[in-house]
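Protein chains in written order, with my numbering: chain F, 1224 to 1636; chain X, 1224 to 1636.
Derived by calculation from the structure, the hints in this document are not laboratory data.
Which copy is meant is left open, so a pair is good if it fits within one copy or across any two.
Heads up, simulated BS3-like pairs for lysine-lysine below, C-alpha to C-alpha not over 30 Å straight-line: (1) K1475 with K1290; (2) K1440 with K1563; (3) K1591 with K1254; (4) K1290 with K1583; (5) K1286 with K1583; (6) K1286 with K1254.
Number of protein chains: 2
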Amino acid sequence: MNPQKVNADDLLNNLTNVKGIKCWGAHTGIKSMRRDLAIIYSEQPAHAAATFTQNDVVAEPVKLSKKHIADNLAQVIVINAGNANAATGEQGYRGAEAMARTTAKALDIDQEMVLVASTGLIGEPFPTEDIVEGIKVNIPKLSNDPKAGSFAANAILTTDTFAKEGHISFELAGKEINIAGIAKGSGMIHPNMATMLAFVVTDAAIDKQLLDKTFKKAVDRSFNMITVDGDTSTNDMAAVLANGMAGNKEIKSENDPNFAVFEEHLVEMMMHLAKLIISDAEGASKFVEYRINHAESYDTARKIARAVSDSLLVKTAMFGRDPNWGRIIMAAGNAGANFKADQVDLFIGNQKELVQVLDKGMPMDFNKNLIKKLLRESHIRVHLSLNNGKEEATAWGSDITTDYVMFNSVYTT
Amino acid sequence: MNPQKVNADDLLNNLTNVKGIKCWGAHTGIKSMRRDLAIIYSEQPAHAAATFTQNDVVAEPVKLSKKHIADNLAQVIVINAGNANAATGEQGYRGAEAMARTTAKALDIDQEMVLVASTGLIGEPFPTEDIVEGIKVNIPKLSNDPKAGSFAANAILTTDTFAKEGHISFELAGKEINIAGIAKGSGMIHPNMATMLAFVVTDAAIDKQLLDKTFKKAVDRSFNMITVDGDTSTNDMAAVLANGMAGNKEIKSENDPNFAVFEEHLVEMMMHLAKLIISDAEGASKFVEYRINHAESYDTARKIARAVSDSLLVKTAMFGRDPNWGRIIMAAGNAGANFKADQVDLFIGNQKELVQVLDKGMPMDFNKNLIKKLLRESHIRVHLSLNNGKEEATAWGSDITTDYVMFNSVYTT
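Start from the sequences and build out the full structure, keeping to the hints where you can.
Structure representation (structure tokens):
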């Protein structure tokens, strides 16, 4: 799937295509000229799930949202950009609580049904008053107009250069199901800008424990398979609301054939958002797909895909349009996945053409000039066949450029 | 310890200061203009130990040396530079065996007493004949003249810009003990150049199992605490020979007070070599010491030191002379060591002066211009106190520069 292509197809579809979802995105003044407050609201209480940063250092809104999601129920997500509310201590935690309390009161729902998220500068006092005021003013503007979805998508951005939206619809036992989402990027040019946020909504009816399980799996196969610089932030969060308003019979078991259809579309929509994030990685010039197949297990394929896409030497080779099989094999060998170099076939190229570089581990007499030419494209593919089984995994990464280093070094705390 | 300073003090001391050690370094023609074959020989059979790359992809000499070191006995180490003998299959393994067999025959010792190592290009056929001929010609030249030690130190280099040698001597129960070593660097500018090699010799008498244990600990505290780009190569190897010719009573137990003295000096000499490697990391402009102290355990301190020194965002901040506490704390939080950000004190500076940046996790009103000035030095210190115990660990790393990316991207396979 080409992120650009899907984006173009779905140009007018977003969060508001999901039945019962209303959004808004507004400017409260934390950021000087841009929208900085997003609200995503479901008319009906929804089943919900979320994943959070694995970093030991956790922002205040993450602490609060972890509590509120514990029952796998939520109805609204409130996000501010410009201030990460991290390293803010007690003052910050009270600010996160104020966001939830104000939202709940304005919508006349229980405070525990509110999830909060923040992204922006770390270590600045949290501007609770401005945000509380912004929530009060903007809750009445919640709307299912498509532009309201776009406002929300734009309001969560920090250093991103474009809004990341996705939508997919399909039929399930005669009912139309919608899944939509927004995300913000992981290009950590500004070190104190918190990293990745993603919010997904669906009108499917699905058991809350099953939603939790399938969402975590989808996060593993999408947002956890992208890499820019390997660091995870204090604020990373992905959440889903499933309000059941599509009217399908609730999916209650993994054995229900509808479950597989739902999961497949959820994963596809989330992969789309993940790829958009990589397309917008700042200081990067290339989007690289690392597909590892014919593996003995998904776990093996996944470890190797992540290790190769994370390797600094592979990233610089991609920047240099270098079909550098030595670095790819070395990175795969570092994955801790019992990698057998003498069994693998390796292919490198772009979306149109792949050239075989290794055959059962031995270098082929490939045409270097052809590959260099193929690698001029901004969308590159590295395809490693382990010849060892039937499973596969794909990771997506950026290259590392001289610009990346410049951007990341000139920023001053 | 300042690497440059120690190096200057020990200018004329090297491998050949160790009793019973003879060396040579010669040009066999694998590399066009430089020495490319090193031999380190002990007149007496020695207790020996080695550590090897953790990469699943392993060079042929590593396979052979693993077999030969299994009994913790060895007498000679033969190293070639210019060809890594990796991804060479059966032909390469037979080449490694020929190196060992030829050396053993010329010295009239058992083939199993020979360790072999290679560094250089991966995936090129191994030039067995040239190397075998080189060994035959050069074994008779083995010498304990200091220049022979220097020849060996120079003959193992690839992209290194200077030879890395160290020597330390101390008294143990009335006997003079020497420990010396050579190393080659980890600056992986040339992706197919294998990474780190280190060879240590000592005239101490020490039980072979105890030598194995203390050497592995010393490797963990020295070579395993340095990072340039986080990748490990197919050829990484560190080995030690202890020939007992100092005449001390053999150290047989960790409870022997002489053991602690020996271990301390072994670790110090190996840390010296490790720091020299970082000083010569290509494409790097700074040497950075990351000291983590007041930790509840050595393991915690070590994990955090490694995570911070490995972080690409921290490395770019060091290049930019940026006292970026946010990146340091985030990297520490990613160490998987239950890091408590709100308890830590953080100091950043150079060898002469450290400035406190965080106090119990809260940003201090530090003088940014002073720190920027301190960070102009090429030797930088980052000092993180966990305020949580008595243990500490130190890691050493380079910065990541625009030059690093350029060097690594323009190379073509």
